[in-house]
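Listed below, chain by chain, are the residues.
Number of protein chains: 2
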Amino acid sequence: MTNKPVKELVVSAIENGTVIDHIPAQSVFQVMKILGLDQVDSQVLFGTNLDSRKYGKKGIIKVQDKFFERDDVNKIALVAPIATIIEIRDFQVVRKEQVEIPDNALKIVKCVNPNCITNNENIPTKFRVIKDIQGELKLKCGYCEKYTNKENMVFI
Amino acid sequence: MTNKPVKELVVSAIENGTVIDHIPAQSVFQVMKILGLDQVDSQVLFGTNLDSRKYGKKGIIKVQDKFFERDDVNKIALVAPIATIIEIRDFQVVRKEQVEIPDNALKIVKCVNPNCITNNENIPTKFRVIKDIQGELKLKCGYCEKYTNKENMVFI
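The listed protein sequences correspond, in order, to chains E and B. Here the working numbering is used: position 34 in the first sequence is 34, and no number is missing along the way. Here the working numbering is used: position 141 in the second sequence is 141, and no number is missing along the way.
In short, the hints are calculated from the structure, not lab data. What you are looking at is a predicted structure, and each value in this text was computed from that prediction instead of being measured. Be aware that one or more of the hints could be misleading.
Label pairs and their computed distance ranges (CB to CB) [stated by the list, open to error]:
#1 Asn122(B) with Glu100(E): 27 to 35 Å
#2 Lys146(E) with Ile133(B): 32 to 40 Å
#3 Lys107(E) with Val154(B): 21 to 29 Å
#4 Ser52(E) with Ile101(B): 36 to 44 Å
#5 Glu145(B) with Phe91(E): 39 to 47 Å
#6 Asp41(E) with Asp38(B): 16 to 24 Å
#7 Asn120(B) with Ala13(E): 47 to 55 Å
#8 Gly135(B) with Asp38(E): 22 to 30 Å
#9 Ser52(E) with Glu145(B): 36 to 44 Å
#10 Ala13(B) with Ser52(E): 19 to 27 Å
Every residue, glycine too, gets a C-beta built ideally from N, C-alpha and C.
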């Protein structure tokens, strides 16, 4: 058994890339899936269940040399509605924005209803994004009108 | 636009927990899935596509306040055969071990063959773990004898 203290893992500032902050701790894996970060060659760093003064527990993701389109970023609003997107270029913050909850969600989530036409024929899904009285997001299917809630969202 | 330099994200040393090092970059998400790290309340930190002097690109995972059973750890050998498991207690390395490739894989992976009895009846999967001449691991089903390779491994 060695007895030397464990080195700190210093995750240095990124030169160019994107930081996604204020992700609810339980949604970090979903966010990575939505953004396809399980498939990239870029350096990805993440932490979850980190303490946040503002939000209790949060997750954060840093992706080197990668920038996202507004539409892609807004998809994550479905599971991380208070996320902040920070673009870094040359070690400086060049943009910092909140995600925006889209009005419609097209071709990104499966409908929860197994009998929905989108699950049985080659028809892309479309939903209206609804906020319920608890402030939770739900998706109302444009075909079968069933609601898919956050827990049931399976991203395509 | 703010122009202040981006703070470093310093991921400090963990007091107690487990570090899993030398994970092939493309297997980090699978390792997290196998160990159920998408479900834990513990702080999880990870990086992937990091430069490794020894192995090119690697991934690393740190989990606070969590220790794994030998059997759980050996499951990850199927996708990360050179991973190192480091146990930390009170900021010190108390154990450092290589994963060991198990002889058999029971109830952890689905059989690739849709007609296999394990995919059609409530029978747990069992495989022999085989190393092919390229050194790649494959699983030979104990029922239908079909091979499930690394790319097709779906963890239960």
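Hints, verified against the model:
Restraint check, Asn122(B) to Glu100(E): a C-beta distance of roughly 46 Å breaks the suggested window 27 to 35 Å. Taking the beta carbon of each, Lys146(E) and Ile133(B) are about 51 Å apart, not inside 32 to 40 Å as hinted. The given range of 21 to 29 Å is respected by Lys107(E) and Val154(B), whose C-beta atoms sit roughly 24 Å from each other. For the hinted restraint 36 to 44 Å between Ser52(E) and Ile101(B), the CB-CB distance of approximately 40 Å keeps it satisfied.
Hint check: Glu145(B) to Phe91(E), Cβ distance near 56 Å, so the stated range 39 to 47 Å is violated. The hinted range of 16 to 24 Å is satisfied by Asp41(E) and Asp38(B), whose Cβ atoms lie roughly 22 Å apart. At about 52 Å, the CB distance of Asn120(B) to Ala13(E) agrees with the hint of 47 to 55 Å. Against the hinted window of 22 to 30 Å, the Cβ-Cβ separation of Gly135(B) and Asp38(E) comes to about 24 Å, which satisfies the hint.
In this structure the supplied range 36 to 44 Å is violated for Ser52(E) paired with Glu145(B), their Cβ-Cβ distance being about 51 Å. The hinted window of 19 to 27 Å between Ala13(B) and Ser52(E) holds, with their beta carbons roughly 21 Å apart.
When each numbered hint is compared with the structure, violations occur for hints 1, 2, 5 and 9.
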